Structure formats: C-alpha cells, structure tokens
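Hey, can you work out the whole structure from these sequences and the hints?
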Amino acid sequence: MKDFIIPDRDFGTPAAKSKTMVTLTIDGFDITVPEGTSIMRAAAEIGISVPKLCATDSVDAFGSCRLCLVEIEGRNGTPASCTTPVAPGLKVHTQNAKLKQLRRGVMELYISDHPLDCLTCSANGDCELQDMAGAVGLRDVRYDAVDTHFRAKNTSGEKNPQWIAKDDSNPYFSYDPAKCIVCSRCVRACEEVQGTFALTIQGRGFDSRVSFGAKTDNAMASDCVSCGACVQACPTATLQEKSIIEIGTPERSVITTCAYCGVGCSFKAEMRGDELVRMTPYKNGKANRGHSCVKGRFAYVYATHRDRILNPMIRDEITDHWREVSWAEAMAFSAAKMRGIQEKYGRESVGVITSSRCTNEESYLVQKLTRAVFMNNNTDTCARVCHSPTGYGLGQTFGTSAGTQDFDSVEHADVVIVIGANPTDGHPVFASRLKKRLRKGAKLIVIDPRRIDLVKSPHIKAAHHLPLRPGTNVAVVSALSHVIVTEGLMDEDFIRTRCDWDEFQDYAEFIAAPNHSPEATELLTGVPAAELRAAARLFAKGGNGAIYYGLGVTEHSQGSTTVIGIANLAMLTGNIGRPGVGVNPLRGQNNVQGSCDMGSFPHELPGYRHVKNDEVRAIFEKAWGVTIDNEPGLRIPNMLDAAVEGTFKGLYCQGEDILQSDPDTKHVAAGLAAMDCVIVHDLFLNETANYAHVFLPGSTFLEKDGTFTNAERRINRVRKVMAPKNGYGDWEVTQMLANAILKGTGMPEWTYTHPSQIMDEIAMTTPSFAGVTYEKLETMGSVQWPCNEKAPEGTPLMHIDGFVRGKGRFIRTEYVATDEKTGPRFPLLLTTGRILSQYNVGAQTRRTANVIWHDQDVLEIHPHDAEVRGVKDGDLIKLASRSGETSLRAKITDRVSPGVVYTTFHHPDTQANVITTDFTDWATNCPEYKVTAVQVSPSNGPTEWQEEYNAQAEMSRRILPAAE
Amino acid sequence: MKIYVPLDAAAKALGADYVADAITAEAKKRGLDVTLVRNGSRGMVWLEPLVEIETPMGRMAFGPVCANDVADLFEGGWQDHALALGRTDDLAWMKAQTRLTFARCGVIDPLSLDDYRAHGGLSGLTRALRMEKSAIVAEVTESGLRGRGGAGFPTGIKWKTVSEARADQKYIVCNADEGDSGTFADRMIMEGDPFTLIEGMIIAGIATGATRGYVYLRSEYPDAIAVMTDAVAIARSEGVLGASVLGSGHRFDMEIRTGAGAYVCGEETSLLNSLEGKRGVVRAKPPLPALEGFLGKPTVVNNVISLATIPVIFERGAAFYKDFGLGRSRGTIPLQIAGNVKHGGLYEIAFGLTLGEIVDQIAGGTATGRPVKAVQVGGPLGAYFPRSMFTTPFGYEEFAGADGLVGHAGIVIFDDSADMLAQARFAMEFCAIESCGKCTPCRIGAVRGVETVDRIAKGDASAIPLLTDLCATMKSGSLCALGGFTPYPVMSALTHFPDDFAPMKEAAE
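In order, the protein sequence lines correspond to chains B and G. Position 238 (the first sequence) corresponds to 238 in the numbering used here; numbering is contiguous. Position 196 (the second sequence) corresponds to 1160 in the numbering used here; numbering is contiguous.
Distance condition first, Cα-Cα at most 25 Å in a straight line; then the derived SDA-like pairs of lysine to any residue: (1) B/Lys-743 / B/Asn-311; (2) G/Lys-1422 / B/Asn-160; (3) G/Lys-1249 / B/Asn-76; (4) G/Lys-1242 / B/Thr-216; (5) B/Lys-790 / B/Pro-579; (6) G/Lys-1124 / B/Gly-74.
Taking beta-carbon pairs under 10 Å as the criterion, some of the chain G residues facing chain B (in silico): (7) Ala-1226; (8) Val-1246; (9) Arg-1247; (10) Ile-1397; (11) Cys-1403; (12) Thr-1404; (13) Pro-1405; (14) Cys-1406; (15) Ala-1410; (16) Thr-1416; (17) Arg-1419; (18) Ala-1427; (19) Asp-1433; (20) Leu-1434; (21) Leu-1443.
Rather than coming from a laboratory, the hints here were simulated on the basis of the structure. Small disclaimer: the values here were computed from a predicted structure and weren't measured. All residues carry an ideal CB built from backbone N, CA and C; glycine is no exception.
Take a look at the structure:
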C-alpha cells in the first residue's frame, strides 16, 4: 500500500521561504536551514522532536503550550522553540534537567484538567496529549484539582458550571469541551487555513474556551463550513470525526485524489480493513497543501449508500421494470442492441458521452470505444456544458486549452480578478488559499451579478465589486480593456515581445472606440463607470494580476468571447508567464480537464488535435489498428436533435446525468425517449437512467486505480483503496462492452489488465502526456502537463518565455446581446450557480449528511421583486420561462440585484434546467445556463411538469425482484 | 486672587470638586474676584484636597480641605488657619524631591499650553527638532533612561531598532494601562501635565520616523482620559500636533484609545492586540513590537513615565539627567507609596535610596502605627520584602539581585497584621482572574496555585513543595510577565514569612 510518497510528519511550524541559509547547532548537531525557520522545525529536520502541543506546521507558531521550551547558550531564560527563529551560530539544547522539569510541570498542569479516560477515549492511540505525557515522563499528578472543565459535577455533587456538554450538532464531527486543552490549534486553523473565522476563544484565563461563534451557538448555528480543518488540527479527542468515534482508529492509509471539484485535492484515505474510516487531506498534496472542504473530507458515504446499484440491469422498453442480469447477459444485450442500431441506421447512429468524474484512463477508453469500435467521432463530454469556451478561447489566443498556472501561484498574486465564479462554494480549497493571500494584502476585484461571499466576509473585502447584469460579461471585460488601452496602462514591452503587434494594433483600435467605454456600457451592464475604471487601473498597475473565472464566464451565448476578452486583458497587462499572474479557469468537476485532454470532444483526438489532421489520425490508427473517421462527430445537443429527428438511436453514457445537468430538460427527455438503446453507466439510477435500456453499475473513486487531472493541469493518482462493490472498475466495464461488441468481428479484443497500461498508451499517442507514467507519479506525487522530453517534471506555469502558439493573439471581442431577453411576460433574469455543501447534480452529496445544509434548491430573489409579487421568505413559488416551469421556495435576499433571481440545480425534484433555454455559445454550443428570462409568481404546489416528471421517474425506477 | 484646587482623581475622590464648588460659591457670595485653577496633584495624597493660593511669597498650601472649611478659610483671608501648611515648596515632602518628570505636575494648569511653555514646556521638542534623527536617539541612549513600565529596557535601544526598521508606516504607542495595584504615577502626570506626555511622544515620533501615536489608556481613568483628550485637541489646534509639528515640516498626530478593563492589556503585545481591536491575548516574541508591532508595523511601545521624561532630557540634556541615579539605574524614579502608610503619595527622587529610607523616613511608617511587616514593591507581581531586606537600594539590578523587581515603582506597605499566606493566595488569585488564558502555566497554573495554597492553609505540608515546583514552572514557563512574575510575591511570602505557611497552625491544638 502507498502509505507515503513523501513522509508527512509534523514539523511544528510552516516552512520558511527565505533563500538565505542559516547554520546553527542543536544538541551538538549542525543544521543548515532557511532564515526564518523556527528552532523547532530545524530540530525536526535533523530528527529531534521537541515536545509540543500547540504547534503544528499547518498554522503559524503560537507559543502557548510551553512544552517546546529550549535553552540557548548566551541567552536568558527558556524560549519556546516554535516562536524563536534560528540565528547563525546558535547553540541550542533541547533536553536538560531544567527543561525536563519544566515540561513535566506543564504536563502535570494539563493533566490536572483532563479526564483520565484514555482507554475508552475516541482518540486513544491518536492523541498528542497522551503522546506528550509519555514523552516528558509524567508519572504523577500531585494536584487536588477542585476547578476543572471535565467533571460534570463538582466535588460536592453540584453541577459544575465550567462543564459544557458535548456539541454533536455537526453531522460529521463532535466537539467535546471536556477534553479541550485550549491550544487554539482549531481556532487558528479556522482562521489561517480555512479563513472562515467561525471559531474563537470565549472568556479569558481559566475560563478560556473554544467556542463556535457566540457562547450560545453550536457548530451548526455558527459560520462553520464544516471543512474539518479544526478537527484535523485538534491534538486530542475534543474535535473528532464521528466516524472515528463509531469505528475506531484506522490501521493504514492510501493516498488518493478527491472525486469532487476541479481543485483536485489529495487525500489520505484512512482505512481499517476495507472500511473507510476517514479522509484526511494530504499535506504534500500540491493542489490543496493539506486542506479540504466539507465534501472531500466528509461527504464520502454515498460510496456505500443503499441506493447504489450493484448488479447490471436491462429492459426492452423504458416503461418496463428493470431486470437484474449477469454482467455477461448485460454485455451481450447491449452489444446486440448497439450493433443492431448501427446495422439499421448506419455507423453514425450511435455515440458516447465520457464522464468528467471518471478517470483519464476511463475517458480515454470511452472515446476510443466510439472511434475504434463504433467507428465514428460521436463523443462528447459534460465539458460541453461547462468549459468548452475555455478550450476554444484559450486555444485561439494562447494556444492551449487550459489554465496557465498552478494553485501555488496565488500566493504571489497582488491583484486578483474573480469573474463568474464563486470559489467559496464551488472551489472551496482554492478559495481558502486565495483568502489567505488576500489577508496578506492582495487586492480583489469581483465581477459577478451576485454579492458572493468573497465580496465581503470576515477579514476579506473586495476592493471593487462590479455587479453586472447577467449576460453582459463581454461588455464589462471589454470596458476594462478599453480603460487600460485608452489610459495607456498596458504593458507595451510585453505586448511587443510576446504578442503579435499587428493584431494588437487592430485590437487596440477596436477596443479604444468610445462605444466600449465604461460610461457607454454602464446602462447596459449596470456597472458604475467610475468603479469599473478604478478596477481597471488597479488591475493594470497593482502588481501581479491574476484572473480566476468559472462558469459564469463560459455558460453564455458569448462564453467564448468572454474567455478571449479575459485572455486579451491578461496579455494587455503583461500578466502571463510567471508566478502570481495568469488566466485560470476554475474547472467544475474533478476530471473535466482530463476528460477534455483525453479526446472526448467530437472534433478532437487526445491532446486537442483535430480529427481532420491526417498525421494525428495516423498515430491512433497505427495504435488501434483501425481507420478513424476524419469528420467531427456529434456534440451532445446535436445527438439529442438527431435523436428527435430519428437518426441517432444509441448512446453509451458513462458517469454523467444529462437529463438533470443539461439545459432544457424537456428537449433532453424527448431526445433520450426517441433512442432505441440508452446505456447508462453510473453509481445510481440517475435521472437519465429513467430513459435507459441498460444500466451498468459504476465504481467509485475509492474502488479503482487511475488518474484525475485538475484545473491546474495536474495529473494526480487515484488509488484503489477497496474492491469495487459492483465487481469491476469502470475501465473494465467499458472494456467488456467494447469486447462484447467486437466479438465476432474479427478485430482484436482489448486486453488492458491495469489502468497504467492505458496511461502508457496515452503517453505513446499524446505529446503533452509523453513523459507521464505511473512510476513517475509514484515518485513525484503528481505532475502537470505538458510532461514530455522538454519538461520531464511537468509544467507548473505555462507560456513562460513564449506562448504555446508562438505569439499571443489579440482577438476583437464585439459584444452581442443574447437573444434571451426580458420582456413583459418574463421580466426577471435567472442565473444559476452552486452551493458549498452540494456538488453538481447532487447524486453524491444528496446521499450524504450534507443535505443538512441544503435540503432543497431555493430561489434567491431581491426584496423589491418579492414585494411586488406578494412573495414572502420561504413561500413556494412558481418559476417560469419560455422553456418550462417548476416550483421551489423563495429566499429573499439582497445578495442579488433587483431584476435578478438565482438558484442552484442540485436537486432533481426542482429541476432548474427545465427553465433554462437552448441558447448556446456561438463557438462551442456551451449552453447559456446563466441567463434565462423568467417570471416568478406565488404557487401552491408542484407544477404539472414536476408531477409528471416524478410519476415517470418513479415508474421508470421499478426493479423486478431477482429471479430465483 | 488665584486659588488652585486639584482636578486629580485622588483629590476628587477626597472631595476636591466639592471644595472647588464651595470656593466659587463663597467667592461669589463675598463678591471676590477669584480665579480658580484646577491643577494636578502635588502628590501628597494624605493632604488632599490640597488647596493652594498664590501670594507674593509663593504658593501657600492648605489641606486636607473639606468643603465645610471653605467659608472659614475665606473668613480668615487664607492666612492663619488650622489647615495652613505654609509655602508648598517648603513642605518637607516637596523639598527633598528631585522633580524632573513631575516638575510641572501640580504647578501649572494642565490644559494651558501657555502655562506649559512658561514652565519650560516644548523647549525639549524645539531642541529635538533641530537635531538629526540619529542624534535624538543617541541623546536618549546617552541619558540612560530605561523603561519605566517595569521591564527597565533601555529606551534608546528600543527607539534605535524602530528608527532603523524600514517600513511605510511606524507608530508610537504609549502604554497608559496602569493596572498595578498601588501605582498612580501615569495617571497623575496625564491629569496634571498632559502636554509633557504629548511632547515626549512627538519627540519619539521624530526620532523613529513614526507619524502616528496612540495612548492606550485604561477605562478606569475617566479623568485622565478627559484631560488627555482635551490636551490632544489643544495641541492639534495650536500646531503642536498635525501635518507640521511647530512648523517644522515633521508630521505627527495622535489619539487617545480607551482600554476595556483587562489588566493583561498592560502587557505590550496584548495591548497591541487590543489596540487593533482583537482579543487582548499576549503575542509571542519575537517578532519584537519594535519590528512588527501595531498592525504589523515597527512600533515604539513605551510607558507614560518613560515618554513623559523625554522632554526634560532634551530640555536639560542627557548628561544632566544621567547624573542622577545609581549603577545602571539612571535619573529619577517617581515612587508611588501606598497601602497601610502614614504618608502616601508620589515622590520623585534619584535612584539609590534604600527601601528602609523610603518606608521609614519618607512614608513615615504605617497608618495604623503598628510595625511594618512587609513591603511589596512593583505592583501585584512584585516581591514582598521583610524588614531584614530594607537595606536594598532602589535600583533595577539591586532589586533583581534580591529576587524582587522595581516594576513601575509602586510601594505597598503592610503592618504586622498581614497574613502572608493570604497574600500569596491573593497573588495566585489575581493571576487567575487576570490571565489572558493563552499559555498553560498561567491559565491552569494560577488556578492550581490558589488550590495549593488552600491545601497549605489546611495543614497539608506536601503542598508546599508542590507550590514551589508550580512557581518554578510558572516563572520559567509562562509566556509573559503575568504568569512569569506571579511567583515573586508567592515565593517571597513563602521564603521570608515561613511562619504564616506553617502547616495548620491551629491543627496542633
């Protein structure tokens, strides 16, 4: 098992970053460390563990426990080694008679206020207090403690006012004040690592107590976002995972990668037997640096949820009951159906959808299935509906379809633009890293219709919030460039040396036109011109400027234009090619970057190479022994259109729920209903499965080997920590399906026995992956593509000396208003987004205790808009657009501007996507989720559509009892 | 006719406001033209309210005056009276002092800048404004001035560190959170001569490149807050503070901030946290406040008396100031004498008197007339001295050598009825109540300390070595002086007055 790639011991204090080195002597050993390193850390680096309780290397030194005292020759007293920095020539002693006595004295005090129930304590064997009592040789507690925090009743039998009952309000961890040693590690982790400031110390002196918010609050009532950083930081059983309380301590751990958002956090899956005991963020994980969010750390029980389907099922008609069958029967049934369809309707009549949640290896196989087995290019992926404009826009301007930086880069940013993204909810670990930088003085510009948490939250305040009207991104981004160009704030050196000067001049002429000025666009965008000008000046001249964006940029009819505009902005200001700058798409799903890299798009083979390109096809034709179609295949919307027209009849959909996630649900349902064979490969009977004929049980990320590629192009290993409950990893299922179809064709079968072989094939065929092997990932932990001969250790920062395409390319960004317009019938603009506790369509998170935070989708509406419609907070309302209508509860808030309403799409019984329209990005067909004209009115129940939908879903999910 | 009635809080507590009202009313009744000046205190608290009238022979003192005495005093023409004390300057208490820092205190109208100037005020600043930054720092170093808050750190070295630190903003923070029991020098100077503190802070600002100052003033001092606030406004309107100090082009401005009642906020790093609006918990050092202080910027944190002594050093020169004192304790120290004492008050004198001279001669022994049993020097964290140690000369090193501390120079006298075990318990209890709760030795240790003293009181002899061990842990293990110095009163009580700790005195019976 892969317990350690790099040992993750606790060095007590964070690493110093100075390049100046200092040599000192500790206990007679010489050690050289960077200036600013603590004596504690320096000692740890030569293997001397100075006793400590309040120090841990995820937070700054605090100096409160007084266990780590040392003596320094020539200095007075016994300084704390955690707060004392090294200095040249110091002679430090970490152990002598005086220090031993002091440490015992301190431990004796600690233990005098601690229950001695170690054997039945949930932290038994995993308790630093216990360890330290041993380390300092505490043998006796001589105090007759009268005042304590751990006795419910005092010595005379009365209720002890210092005793506070355990707080079990959070579903994932408990807080037991009786065991608290007030080391403040939790408070500091909440502040420094997570940046939420939910925890504090109440009272002073002996009355100092860790507290969630005010004294009367509990964890759930506080601002706590349940990231678990406090639990991880706690040295005792005070803040403890409930899973540990229930199961016990783990016996081994395996390093793997989170299967939620595109941050791609590394975790240690801590196991006992094949039971997952807890997930602990891995401190050497380069994306997350030891931090996590509530989803990654806690929301994993869906993997063993009773809703999970573990046996293959088939049916002839979607109105039939499901019938559980053997894998062999399911494969034979599917193969016969798909072959039959192709024979009857032609080679182009079937296709696949790859999953952004499965591994690179699995996505690669699914697109290979359509290209090498179905012999067409009908493959698409959910990136179609999220970041396809990123691929297009950055490809056109820079020459690559991915973000330019690693996440570490944010530590060097001075001005950060966040546009169309809500990192604290969608990419929480990145948000924490960003907030850490902001607290150190970087400036923030938020461009978003909603007042997202980053605009103002504890110790964070955006310098500028530009609350634009949904759909006007291009106008706002262009106005920023207009200010920079017309006020001469651009980085001319950079543009001359790194970009195409002629194209720049063309662009400058275009953007300098008065119609792009903030004053001219203010009426349209709703953004005050003065504020926009100030933001532009700050970004241009405020130092390292970094842009982070999300689906609020891409999911528009002009999504690709906005991405180009963002690229222009970065080039104009010279913010490309070094740490602290760049254009950074925050990718939504764990492997959406990877699924795009793996050739999931109908026009591109792996590595973003067009299918028209003969040389590229030749590589794969040689590898696969087939002839590849040189015409791009169908995109998801085209597949659905073709299905409705009757020319597209069969679909293999792996790990994606297009019925819930794709826009205009009614159209998606009609398309699916028109097909003869829909094969859904998933963990659960998802919404799409309502229209499926074959259900192939999927495996979770815990059950298979592979790799995920996160938003920073980082290829992280996914490791099998338990056997697949359904019997097979998803890559094996796809291989079985391919082989079932290939059977009897005379073509060779697929014979992969491990995903590493698939990666070897990817490396062999795809230049940007040429240097990637599982062996390299074992030694390096992770690697960022391009990884090849030129960059054998990968590429953290892109476009350092030149753009991938050569010269950076400025492209005109003409604003064209969306056709989706408000009017008398639909006067409000609906925009959609995410919430922290839920993920995507909610298939996973709805099957965890995370529902406690968000049990239904609600509609955020401004008080003015609510008032004129007679809507009160919590009322059931009807939300209607040209496409359809649904009902949900209203939440009245001024987070949204008047005229704008907002909801999430995590719950299928709301089905926000029945409202969204079929307008899409001009270049990539990415749906315009973010702008829909709607009306809101009071309602007294579910809409007719919801009732019909639920009836259909219920009928469709019936499963015949297993045959005897 | 000019009459002085102190506005000092101690005088007010003894009825000075009533006396002032009575004087105004009586003068009006008699149709006399009386100018009433509310001055600071002269420091003779047993004589307060001490009323002075201006005469051609100098200021004549009467005290302690009660409102009921006022009519009589007018009737007698403020001449011979039972309360008449003679010329203030001739009083023995005043005559023997060396008043440098407190030279103007009680003499001038605290809020009259003209009065201040007339008594030498602003001449130190005027001189400093003509000096280079480094020369100002050198002058302070040369004077030998050490931090009067208690730590005794050389002021010049602290200023040098701040002066040489590179930063876009630096600060001067005056620690006026005078929370030690038995101390009142900070309050007296702020109420009696506020401009001297302001002047000292401006000089500190110019020397170090700091342009903003804060006085962190405890909320328990409403009179000092009022006087200081008015004084800052006057200084600003007169061009002493602001964009160009006395027209020099140097910027310095300051404001008065009020604490919230925590003793530990007198510790410089918790003070800075509190000033920043955070919980008043101690910060680990390093980083030193001189490099990363208020809002992370280089900051001079000096006690009121340290800063208020700066003007006289610049007015009279470092050599003049340095000439006073003993060993490495240079200059004068304002002793604050309190407790069970005949003559309590403020007495400024060069370092070097013995403790016995202070207690027996200056203070005149106890108020009760009983023998002096113990003297606690340096506030609630200071050691108790028995008579056998009264030969100790008043100086930083001399007191440290005797396992004691000068601290803020508060001297509290106890007669032979004092129970030193109770005093030791009080020290632990004080620490428990005032602990910020950050470090373990102080947070838990103080509570266990109270419990352990209680065990001793009940006759548990095994608790005595435990108390000794606990004191060793607290002394070397605590993060700041609160936990670190609490062992001083406890251990000195235990060491010098073992009879009070004798296991179960009554148990034997």
